[in-house]
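Protein chains in written order, with this note's numbering: chain C, 1 to 489; chain X, 1001 to 1293.
No wet-lab data here; the hints were simulated from the structure.
Please note that a few of the clues may not be correct.
Taking lysine-lysine and the PhoX-like style, the derived pairs with C-alpha atoms no more than 20 angstroms apart in a straight line are [what the hints assert, rightly or not]:
#1 C:K272 / X:K1280
#2 X:K1237 / C:K61
#3 C:K76 / X:K1280
#4 X:K1280 / X:K1236
#5 X:K1237 / C:K264
#6 C:K264 / X:K1211
#7 X:K1237 / C:K272
#8 C:K243 / C:K264
If you're wondering where the values come from, they're calculated on a predicted model, not measured in any experiment.
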Amino acid sequence: MTAYETDLPTLPVEAGDPLLDLLNGFIAELRAVGIPASLTENLDAMEAVKHVPITDRETFKYALAATLVKNQAHWKAFETVFEVYFSLRGAQYEIAADDLDEADEADGEIRAQGDRGSGGDMLSPEELAEMLYRALMRGDSEMLRAAAREAVRRYAGMEPGRPVGGTYYLYRTLRNLDLEGVLERLMDAEQHTEGDVDDFDLRLRRDEFELRIAELKRQIEAEIRRRLVADRGVEAMAKTLRKPLPSDIDFMHASREEMASLRKAIYPLTRKLAARLVRKRRHGRAGPLDFRSTVRHSLSYGGVPVEPKFRHPRPHKPDIMVVADVSGSVAAFARFTLHLVYAISSQFSKVRSFVFIDGLDEVTSFFEGTDDIAEAVHRVNTEADVVWVDGHSDYGHALGVFWDNYADDVGPRTTVLILGDARNNYHAPESWIIKALQQKARHVFWLNPEPRSYWDTGDSIVGEYAPHCDGVFEVRNLRQLEAFVDRLA
Amino acid sequence: MSHRFTDVDAVQQDLHKVDYLCDSGLAGVVYLADRLDKPVLVEGPAGTGKTQLAKSVAEMTGSRLIRLQCYEGLDEAKALYEWNYKKQLLRIQTERDADVGWDEVSDDIFSDEFLLTRPLLEAIRAVDPIVLLIDEVDRVEVETEALLLEILSEYQVSIPELGTMEALQVPLVFLTSNNTRELSEALKRRCLYLHIDYPTMEREKEIVLAKVPDIAENLADQVARVVRSIRRLELKKPPSVSETLDWARTLVLLGVQHIDADVAAETVNILLKYQSDIAKANKELATVEGIEP
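The whole structure should be built from the sequences, with the hints applied where relevant.
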C-alpha cells in the first residue's frame, strides 16, 4: 500500500510519559493508514501540543492536524484515528464495567432534559422514538447525543469481545430506528402545523432535517466506536476501524459513503490532472530545428545563425475510444473512468465512448454539449441501450457489435480503452476481435478493476484477451486510475 | 522573543473584532503559527476567505501586510531581490576618473545601497511587525517553490555577494493555495496546514449579518439556508462566501423580505456562474424531495 507503513523512525520516548507514548502510537497508526507523517512533522506535533491546553479537545485536534496532515483528502482518515485515540478519553466518557446492559449516565442526561415524566430504568421503544423525533425537530444536539447513546445501547446488541467492526452494529441500530419514517413524520408535521409554507420552504426544511439525521448517524457511529474501544482497546480497534484514504478506496467494494467521498475526490483530481497535463505540454522540450526560421532570423546578424529557432513540438493528441462494461459490480469503475477521461477531453483530439453489458451502445452524444459530466454519466447509466438478451455480461457479443458497427472508425491514431473485469459468464470470448482491433488501432489498453490475483479465476478470461492488447492494467482505485490517465495523455 | 497572542480564545475574539468570524480550530492554527514561528499554508475552495485571513490578522495585530502574488514565471528577481544595475553602472562611471582600485569598486557596487528588495527580502528586513502573504503559491512551478524554502524555515535569505541576511523580526507568514497542483513535500513539511472549508450554516449567517448592513435577521437566516442547500448539490462551482454576501446585498437592495422559489430563481445567477449549475439548482430547489443524502 504505502511506504510509510514500514519503519520511519519514531521518537525516542522517555519512559513514563503517557502523552508521548500515546502520541507515538497515534502517529504510527496515521502512517499505517497511509498518511505521510515525517519525523520533522512528528517533532512539530510534539512541540505544538505543548502550547495548547490538552483539555480543549477541538484545539488539540487542530494542533495535531495542522502539523501532521497536509492534505485535505486525508482529513477523514485522520479524524477517525483521532477519535479512537483521544476523543474517547474524557472523564464524561468513562464507561462503567456493567455499562453494556445497565443504564448509565446517559439516562441522567435524558432526565435532565425533562422530556419524560417517569424515572424508570429504561426508555420504552416508543419513548425513545419520541425523544429522537423531538431532538431532530428541535435540532437539540445534546438531546440528539443522548438519543444516539440510548439507541446504541438498546439496539446494537453489542457483545463484549466479539471481533467485528462497527458497521454491523451500525446497521442493526439504524434498522431499528427507521430514520426514513422519522423523516416522513417530520415533514408531515412541517406541512400541517404552519399555514403558509410553500414547496421551496419545505425543501429547505427537508435539507435541514436530512443534515440533522446525518449528524445523528455520526453520533451513533461515534458511540459504537467508543464502546468498541472501551471493550477491546485502542490498538485493536484502530486497526479494525481503519478508513482507507479516498485515493485508496477500491472501486468494486466501495460502500455508499465511500462512493460519496470518491465522487468528491474526483473533481479536484481532474482539475489537478488537467493542469499538470497542460503544463507538461507547454514546458515540453523544443521540437526539431526550424531551418527556415533560423535563416530568416540570421539576417539581422549579417547571415550568421546566432539564434537557432526550433519548431514547436506538436504534441501527440490521440483519438480515444472508451469501451466500458457497465454491468453491476464494475459500473462504478466505468463511471469514474468516463468521468476522468471526459474531464480532460481537451487533451485528446476526439473522445468517443461506448458502454455494454451484453449489448453495446454509443453514448458519446450524452457528453457532447454539456458541462455537467456527472449528469451525463448518470444518463449513461439510465438511458443507454446495453441489454441484448439477459443483462449478464457477454464480452464476446458486445465486442462483436462494436466490430460490426464501429470498426471502420478505428484508425492508426485511435487508442482503444476497454474497461471491464472480463467476467464473461462462460460465453464465447471472441478474442480475435481484440487482435484485429489492435492491428488497426494505435494502441489497445485493457483496464481491469479486479485485483491481479483474481484474474483468470472463475469466469474471468482476461488471459484470453491480454496477449492481443498493448497493455493490461490493474486499476482498482483513483491512484492507479490517475497514474494510467497521466501516461495516456 | 515575545509572542503576539496570549491564548487561542484571544485570537478568536480579536479576529472577531475585525469582522473575521472563525472557529476555534482556525484560531488555534494562527496561535500556533505565532508560538512555533512557522508559516501557515492555507488551502480551501475559492472564496472562503483565505487571503482575507492574512489581511485580517495583519489588521488585528497592527502589522504591515506585504503581499507576494505568485504567477507562472515568477523568479528570484521578482520575489527576493535584484541588483540595481543602472545605479551600479552610474557608480562605475562616476568613479572612472578617480583613481580607485578594482577591489574597492567591486565591493562598493555590491552593497546594501544597490540592492533592490523584493517582497520576501523586504519582509524579513523590515523592523516593524510584518504579516507576509504569499498568495496562490500553487501557481509557480515546482522548481520555483525552492526559492521559498530558505525563508520559510530559517527566515533568512542568502545573497552570494553579501552573505546571509537574517530576519530582524520573525514575520507571520501565510501561504494560500487553490490546490490546482500538489505542492512539494518540502514546502508542506515546513508549514502548518490549515484547510478552510465553507462555513457552517450558523457561521455563514453570522458572516452575512456582520458584513451586510441593514439585513434582517430572518432574511440572513434564509440566505444561509438556501446557500447550504445549494452547496449540497453536485455543482461545478459551489457558491463561495463572497458570492453569498453579494447575493444577500442584492436581496436587500431589491427590498426582498422573504425568499421564495421565484425570488431564488431570478437571483440565483448571482450565486452560480455556470449555466448548467443554475439549471440544476433551479430544478432541484423546485422539488420537495431532497437529493440522496
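These are the hints, each one checked on the structure:
no. : hint              : verdict
1   : C:K272 / X:K1280  : violated (25 angstroms)
2   : X:K1237 / C:K61   : violated (29 angstroms)
3   : C:K76 / X:K1280   : violated (28 angstroms)
4   : X:K1280 / X:K1236 : holds (10 angstroms)
5   : X:K1237 / C:K264  : holds (12 angstroms)
6   : C:K264 / X:K1211  : violated (30 angstroms)
7   : X:K1237 / C:K272  : holds (15 angstroms)
8   : C:K243 / C:K264   : holds (16 angstroms)
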